[in-house]
Amino acid sequence: MAEYKTPATEADFEANFAQIKPLMNANEAYYESGRCLFCYDAPCVNACPTSIDIPLFIRQINSGNASGAAKTIYDSNYFGNACGKVCPTEVLCEGACVYTNQGVKAIEIGRLQNFATDKVLKTGKPLYKTLPKNGKKVAIIGAGPAGISCACELSFSGYNATVFEAKSLPSGLTVHGVAPYKITNEEVLAEMDFLQKQFGFEIKYNSKIETAEDLQKLETEFDAVFIGVGLGKTASLQMPGENLENCLGAVEFIEQLRLNHAEIKVGEKVIVLGGGNTAMDAASESARMGAEEVVLAYRRDQTEMGAYAFEYELAKHAGVKGIFNVQPLEILGTDKVAGVKFIRTETLNGKISTIPGSEFILPCDMVIKATGQEKQRNLLHQISGLELASNGTIKINEATFQTTKPKYFAGGDAANGGMEVVNAANEGKRAAKGIHQFLTEKR
Amino acid sequence: MADLSINFAGIKSPNPFWLASAPPTNTGYQVMKAFDAGWGGAVWKTLAVPVINTSSRYGSVNYKDKRMVGFNNIELISDRPVADNLREIEEVKKRFTDSAVIASLMFQTREEWHRIVRDVENAGADGIELNFGCPHGMCERGMGSAVGQEPKVLQTIVEWVMEVAKIPVIVKLTPNITDITQPAIAAKAGGANAISLINTIQSLVGVDIDNFVPYPIVDGKSTNGGYCGPAVKPVALNMVKNCAQIPGFNLPISGIGGIETWRDAVEFMLLGSGSVQIATAVMHYGFGIIRELTSGLNNYLDEKGFASVNEIVGKAVPNVTSWENLNLKYEVKAEIHEEKCIECQLCYTACEDGAHQAIGLREGSRIPYIIKENCVGCNLCSLVCPSEGCITMERVDDGSQHLTWKQMTAAGDIPTDFNDPRAGGLLHHANPTEQAFVTKRPLHYEAKV
Chain A
1 MAEYKTPATE ADFEANFAQI KPLMNANEAY YESGRCLFCY DAPCVNACPT
51 SIDIPLFIRQ INSGNASGAA KTIYDSNYFG NACGKVCPTE VLCEGACVYT
101 NQGVKAIEIG RLQNFATDKV LKTGKPLYKT LPKNGKKVAI IGAGPAGISC
151 ACELSFSGYN ATVFEAKSLP SGLTVHGVAP YKITNEEVLA EMDFLQKQFG
201 FEIKYNSKIE TAEDLQKLET EFDAVFIGVG LGKTASLQMP GENLENCLGA
251 VEFIEQLRLN HAEIKVGEKV IVLGGGNTAM DAASESARMG AEEVVLAYRR
301 DQTEMGAYAF EYELAKHAGV KGIFNVQPLE ILGTDKVAGV KFIRTETLNG
351 KISTIPGSEF ILPCDMVIKA TGQEKQRNLL HQISGLELAS NGTIKINEAT
401 FQTTKPKYFA GGDAANGGME VVNAANEGKR AAKGIHQFLT EKR
Chain B
1 MADLSINFAG IKSPNPFWLA SAPPTNTGYQ VMKAFDAGWG GAVWKTLAVP
51 VINTSSRYGS VNYKDKRMVG FNNIELISDR PVADNLREIE EVKKRFTDSA
101 VIASLMFQTR EEWHRIVRDV ENAGADGIEL NFGCPHGMCE RGMGSAVGQE
151 PKVLQTIVEW VMEVAKIPVI VKLTPNITDI TQPAIAAKAG GANAISLINT
201 IQSLVGVDID NFVPYPIVDG KSTNGGYCGP AVKPVALNMV KNCAQIPGFN
251 LPISGIGGIE TWRDAVEFML LGSGSVQIAT AVMHYGFGII RELTSGLNNY
301 LDEKGFASVN EIVGKAVPNV TSWENLNLKY EVKAEIHEEK CIECQLCYTA
351 CEDGAHQAIG LREGSRIPYI IKENCVGCNL CSLVCPSEGC ITMERVDDGS
401 QHLTWKQMTA AGDIPTDFND PRAGGLLHHA NPTEQAFVTK RPLHYEAKV
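As they're listed, the protein sequences go chains A and B. The opening residue of the first sequence carries number 1 in the numbering used here; numbering runs sequentially from there. The opening residue of the second sequence carries number 1 in the numbering used here; numbering runs sequentially from there.
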């Protein structure tokens, strides 16, 4: 028997995917906020990519000013609610809490943040008065954290921001790619709805920008364009058997889990390939979907995994078993996945090499590849003058987020190569400031 | 095991912990529970002329996650019939012969006082406490603190009581007075056997900012109440000390005001209290706190090598003097023990904004350092530091010199104007005002939108 039974009902699913950072009640928030020391030049603020004034919002919660606390949060980060839930707070704000220097539990900053933002999401209290429209228009490609943050900031500053989104929901990976136990769809969409009402930008759904004509149209109609397209589908491993039934990419697997989990049937024995945070999520999710056995296979040493330690702990807690220094050679099976052929590796001076003759086969009936995503090269190559770095990310000016093609700005995964929601939210907002500077200095 | 028993002005009790006259001693039921739990004595909720109590009655000062660090009430004295109280006192004394029952009283005429003193003696009370302290309601009728604030009236009533009293009489004093020693001296002049203090401090505990009415609210209105709880301890300690230092006073003092732990109790004893009275802490946590009180006191006495409670009473009194007798040559400076620093920089900001700019920050480290030449030894950094023992105050003078303001005055050697080099301030460090605007601001200084 595995840790989790296959969810048969919606209630089963919710139990298996219970929120790891549930909403605090008023008592919890009161007592927890009372613990904050109000540090000078607080390390938590410095650890936050968006520099939220954390000691201030905690003090506001403690003094009974939750909407003031929410404003403090949104002033720095338009994804304030989502980040409270999905941020790796253990390695960011909470990891920097000075209490940890004393062996005392860090303040639960993420959950306090949600306590405050949840209040305004529920009441819809207007926090911002946008500046009068200045007549300028900016197109934003992609309604992910970067794009939406950029739209919020631009709308606040008086621009007409129009977001073009290929899919039918906003927030990008926040709703499509984050593990369901970190945030619910309802929570994500409530914040998007709140932001749209606060700032009044437009999102055009199912409006994929993909052709040269699409881009030409944007360039003609808009004064500037922000590229927040993120990353593409799971990259191919270039090995036999990848096209077999039940061999899928982690990004695709998680997206289906988020939007249509009833359709997902995980195998009895699942092998997840990869050692990053997405691999941990996919492994943990497979276990929670009722897989009897989930093996996480990583080609390097455990200490070299890109995943945060707490993410691996979470996966182990769900019943996932990790095997290390194993490199997949081939996915076996006739039409369905039947197993994976591995070869053992060893790491010497940071380089891995395979050990001849160490091949072995691990039977399974499902393979999830969490080995990285493709870049959106198809689109990006069509923008003439837009330079990409060798790894396929968009080259930008780090201060203004302007690309090598002056009218275009970029942020989020497409520019940074794949980071957290909080990084994308920060970059989108800062890019908006860059766009504002560009459009006001032009003449 | 130290001897915790006391003989307070002739009132014997197995330990110095008494319940103060308050809601926990409102009934025989409660007092019996308390004695059963181990309390040494109980001052019965004040017996008096008929009153009516209001609803609601209490208000609280909370500090962050701590409830009731200050507590306020507009409750009057016992609203139960005197006959019921007398009968219950008698029942309690039958069952608990060793524990002390002290009857708190508040009456008006000489005849009333005489009658009630005899009644409580007949009921078996071990002592009497005269409530001259209540600062709300009863004082409007010429009783309680109205008496405590008029030493002559107080003395007269004490004399009436002493005309008939055969058991020890304690006079409970109000802190709502400029000089607490005046009523204390009047109590002695009237023949009282002991004093107890403090009663509650006149207060408004807070305001309902939605409805514009202070707490506690009685049908849309409020009135001043009496303040007690941990927050009043410093006021009480000072007044107990003041009474303990009255020359030739020699009356036992029962200390009251914010006592919650054995440590609080020891502090009161060191400043001259022969017994201590507790109410708010019991209203908060119940009679069970007596277990911690007796165990803590016992442990303290044993560890310090004291055989009985009496040995510590007043032990700190000689060490409280007036400012003019303090050694001006004594000098301490802060020291940061880096291994205990948690890097919150509260000491930095406290000293920078609230003291003498004697703590600095180094590039590349969050651990602050002391700028010794600026440090005046005020203690503030060590007080705000959340890490125990991280900042200590270390003596830097060699101890060879002793000079007080009094000595300087006697020698005609005090500074006479602001530019006098003997004035301390001239030696203090002061930053130029133009440096007030820092160039490198921490992130939270930056405007966000």
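Derived by calculation from the structure, the hints in this document are not laboratory data. Among the hints, a few may not be true.
Said to hold, decoys possible - For lysine-lysine, the following DSSO-like pairs were computed, each having C-alpha atoms within a straight-line distance of at most 27 Å: (1) B:K372 - B:K329; (2) A:K407 - A:K208; (3) B:K66 - A:K21; (4) A:K204 - A:K122; (5) B:K64 - B:K333; (6) A:K21 - B:K64; (7) B:K64 - A:K122; (8) A:K269 - A:K316; (9) A:K405 - A:K233; (10) A:K204 - A:K265; (11) A:K105 - B:K340; (12) A:K167 - A:K269; (13) A:K405 - A:K208; (14) A:K119 - B:K372; (15) A:K233 - A:K265; (16) A:K119 - B:K64; (17) A:K21 - A:K105; (18) A:K197 - A:K182; (19) A:K167 - A:K5; (20) B:K64 - A:K105; (21) A:K105 - A:K233; (22) A:K197 - A:K265; (23) B:K66 - A:K105; (24) A:K265 - A:K316.
What the hints assert, rightly or not - The following label-pair restraints were derived from C-beta to C-beta distances: (25) A:P132 - B:H429: 36 to 42 Å; (26) B:N299 - A:G64: 39 to 45 Å; (27) B:V320 - A:A18: 55 to 61 Å; (28) A:A235 - B:Q435: 43 to 49 Å; (29) B:K304 - A:D301: 54 to 60 Å; (30) A:N260 - B:R57: 58 to 64 Å; (31) B:D219 - A:G64: 53 to 59 Å; (32) B:Q435 - A:G64: 32 to 38 Å; (33) A:P22 - B:N238: 46 to 52 Å; (34) B:V164 - A:E28: 39 to 45 Å; (35) B:E140 - A:G64: 31 to 37 Å; (36) B:E339 - A:Y205: 55 to 61 Å; (37) B:E363 - A:F38: 21 to 27 Å.
Quick caveat, the model's predicted, so the values are computed rather than measured. Where is the CB? At the ideal position from N, CA and C, for every residue including glycine.
- prompt: Given the hinted pair A:K21 and A:K105, is their alpha-carbon gap at most 27 Å?
  reply: 15 Å, holds
Given pair status - B:K333, B:K64, alpha carbons within 27 Å: Violated. B:K64 to B:K333 sits at ~31 Å, over the 27 Å cutoff.
message: For a C-alpha distance cap of 27 Å, please report whether B:K372 and B:K329 respect it.
response: 17 Å, holds
query: Is the Cα-Cα distance between A:K233 and A:K265 27 Å or less?
result: OK: A:K233 and A:K265 at ~21 Å, within 27 Å.
- request: Quickly compare the C-alpha distance for A:K204 and A:K265 to 27 Å and report which way the hint goes.
  value: Violated, because 32 Å separates the two Cα atoms, which is more than 27 Å.
message: Quick check on a hinted range of 39 to 45 Å for B:N299 and A:G64, using CB atoms only.
response: 41 Å, holds
message: I want to verify a distance hint. Is the separation of the beta carbons of A:P22 and B:N238 within 46 to 52 Å?
response: 48 Å Cβ-Cβ, so the 46 to 52 Å window holds.
- prompt: Do the beta carbons of A:A235 and B:Q435 sit within 43 to 49 Å of each other?
  reply: Because 56 Å falls outside the window, the suggested range is violated.
Satisfaction of the hinted span 55 to 61 Å by the C-beta atoms belonging to B:E339 and A:Y205: Holds, at about 57 Å.
Hinted pair A:K21 and B:K64, Cα distance within 27 Å: 23 Å, holds
message: If I claimed the Cβ atoms of B:E140 and A:G64 lie 31 to 37 Å apart, would that claim hold in this structure?
response: Roughly 35 Å apart at Cβ, these two residues keep to the hinted range, so it holds.
- prompt: Do the Cβ positions of A:N260 and B:R57 conform to the proposed distance bound of 58 to 64 Å?
  reply: Holds - the Cβ-Cβ distance for A:N260 and B:R57, about 60 Å, lies within 58 to 64 Å.
Of the numbered hints stated above, those contradicted by the structure are hints 5, 10, 12, 14, 19, 21, 22, 25, 28, 31, 34, listed in ascending order.
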